[in-house]
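Chemist: Read off the chains here:
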Amino acid sequence: MSTATIDDVGTDRAGDSPWAVETHGLTKRFKDNVAVNGVELLVPRGCAFGYLGPNGAGKTTLIRVLLGLTHADAGTMSLLGYPVPHHRDRALARIGAIVDEPRFHGHLTGRQNLQILAAAREPAARARIGPSLERVGMTQRADDKVSKYSMGMRQRLGVAACLLGDPQLLILDEPMNGLDPGGMLEMREMVTSLVAEGRTVVLSSHLLDEVERTCDAVAIVDRGQVIRQGPIADLLADSAFELQIDCATPERARSLLAGTPWGAGIAVAPDGLRVALAAGTDRGVVAEVNRLLVEGGIPVYRLQEVHASLESWFLEVTTRLGANG
Amino acid sequence: MTTATVPATPAPGLPPSGPGRAAPDRRGSWVPNGAMIATRFMELRRRRGLMAALIVVNIGIPVVFLTFRLVSHAVDPRSYGPAGGYEIFSTMVAGVLFVFGFIVAATLGCTAGSVDLTEGMFRHLVVTGRSRLALYLARIPAGLAVIVPLVAVGFAIVCTVCVVAAPTQLSFQGVNVPVGLSQPAFESWAAGHADEVVCSFNFDLGPNTGPDSTLMQAVNSVCGDGGGPAAVTGGPGTPAATSVSQAQIEDAARQLAQINYSDYSGRFLTPPLPLMLKAGLWLELYAAVGFLVGLGLSSLMGQRTVPVILLIVLEIVLTPLLSHAPIAHLLNVQRSLIGIAVIHLEPGGLPSVFGGGNGGGPQVAEVTESTTFAVCVISAWVVVWTALGAWRMVTRDA
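Top line first, the protein sequences correspond to chains A and B.
Start counting the first sequence at 1; every next residue gets the next number (this note's numbering).
Start counting the second sequence at 326; every next residue gets the next number (this note's numbering).
Hints may contain errors.
Derived CB-CB ranges, DEER-like [what the hints assert, rightly or not]:
1. A:Asp16 / B:Ile637: 52 to 58 angstroms
2. B:Asp722 / A:Asp143: 50 to 56 angstroms
3. A:Arg29 / B:Ala477: 50 to 56 angstroms
4. A:His86 / B:Ala377: 43 to 49 angstroms
5. B:Ile637 / A:Ser147: 24 to 30 angstroms
6. B:Val658 / A:Asp16: 37 to 43 angstroms
7. A:Pro83 / B:His649: 55 to 61 angstroms
8. A:Arg29 / B:Ile637: 49 to 55 angstroms
9. A:Gly106 / B:Asp722: 34 to 40 angstroms
10. A:Pro83 / B:Val631: 35 to 41 angstroms
11. A:His86 / B:Val631: 34 to 40 angstroms
By construction, these hints were calculated from the structure, which means they are not laboratory data.
Glycine included, every Cβ here is placed at the ideal spot set by N, Cα and C.
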């Protein structure tokens, strides 16, 4: 059993990988059910990374495997460059995580719960209890019993627990659960500030709007497999988009554009004309549409590209896969 | 895709991590640190319901019982004997503290072994990267730091009352006798109180002593037909009372004192200090074993209720049942019960527990085993349950 000290976490060459999380062929089975199916995941350091998927897609199971809460049946993985489970203690020394709903000893105060967790970490963690509570806005309620906390307060306490280890990587499973709009805003700001400090934050969530606002990159998981991953902007750039046209005579404009290659996707809406354009359509099309309308004598007041939201893209991707499956 | 590799900087207000600080971080080690033990102790100590139950059983029951006896004796000393003394001490130790000490210790162990799982803290602890074995082992000193002082306090109260409120005279077989006499002094005292001794002291003359012996004649002469000691087992028939001299009666009293001296020498007004020390250690041993077994069993099962029920059934049903008589085909099973093994280590001078024990009481162990075997059984219970609990803790999905 390893008894090596791990003070050199920050300087160990094993921790120099550009990836905060790296998995290859990671598989986890529960009898006949393959919850994590050959997952290939690369999470770059220093970003907010969303891990998205429908219910039962295997999001929480993957997190549990990564953190050593359950074993993998196949595949390799590394956290902050440390291969796990071989160097699990070194990796986890710089990781904070909330898995599922954050639960604590209800008969103890928030501060006392953090004392228990800090005792299991490095000695310096005990000095971080106060600052961590302050950072999540829990100082005033830190000495109340956790049994009196709301769900949102327990979420905050969970984040404070993550911060005890001064983590390079935070893995937050559904951190917005139970938070009111104000709490969600605070959580979003906190994630942003953590990333600004150079930390990596992996968010598992089904709140796509929140993920889109918070994260730089995402991975979409469905039926245990990662089906798409990359920066949000790149992923959405590959999706279909819409051209909204505010013009004087929408009906006449529709007739004028009907004979063009993109004429099949034209519809008149209350706020003007809408032209659906396929993924990968060149932006020159926008200028071409404008030219045709102007030359046709139709005054154009506004032309706007409207890209798909993460939510609509997510639904499109997962629905298509569902249909294929 | 973003590939920034900016090293994490400490959050505002958070002390920085990384090399260069004094205290080493040995979280891969299976040895728990002092802070882990201290916080586990705090977690257990702050369970009000559990602590109240532990205090009520370990301290409350003896306090209520002894208080009742103190008050009763103060109000009506003729009807109610003293609250303290050797007899009360031995009864409380062997009859109450032994059994209930194990049960509350086992309950504490079951709580310590399962609450992290049931209350969702296990995941948080595993994610710290700390060795799961260290997380398990930290509970042992923490739990013992709770139960050992509680048992000690309850026991100390019993000892204190039994010493302070001890009777002033020793009642031996219905006769008030001075305490601590040597055998010649005891025989001399018996000669001086010949009538009382002859009529009250037990004796066993054996089959070879005829009914016309001097002793039997003295008994019959002083006590008359139907009188005499409670356990006359002399020869057959009882002769009519004959004239016996005072010297013969005194001689008979000396003889009876000689017969009963070994029993008398084990009676005290107050429990002797060595006996109290041994009894205290014996109770602590059983409580510690109960805690460790409860800890291992509940860690193995991942819950508290069923292990608590199982251990209570073991302690108050199975152990008394199986300790009363040896069963030919189950003798080794009987010997391997933790309660029976611990009973065999009972200090001499205490009455038997559940009818077993090799102490100074009137009963001897029905299920016999050597002290070495008993020690092996106790060690095996502790090691096996601790190992099983630790193994499950290490392999369990969190």
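Chemist: Now, for every hint given, state plainly whether the structure supports it.
Modeler: Status of the hints after comparison with the structure:
no., hint, verdict
1, A:Asp16 / B:Ile637: 52 to 58 angstroms, "56 angstroms, holds"
2, B:Asp722 / A:Asp143: 50 to 56 angstroms, "33 angstroms, violated"
3, A:Arg29 / B:Ala477: 50 to 56 angstroms, "51 angstroms, holds"
4, A:His86 / B:Ala377: 43 to 49 angstroms, "46 angstroms, holds"
5, B:Ile637 / A:Ser147: 24 to 30 angstroms, "28 angstroms, holds"
6, B:Val658 / A:Asp16: 37 to 43 angstroms, "60 angstroms, violated"
7, A:Pro83 / B:His649: 55 to 61 angstroms, "60 angstroms, holds"
8, A:Arg29 / B:Ile637: 49 to 55 angstroms, "39 angstroms, violated"
9, A:Gly106 / B:Asp722: 34 to 40 angstroms, "23 angstroms, violated"
10, A:Pro83 / B:Val631: 35 to 41 angstroms, "39 angstroms, holds"
11, A:His86 / B:Val631: 34 to 40 angstroms, "36 angstroms, holds"
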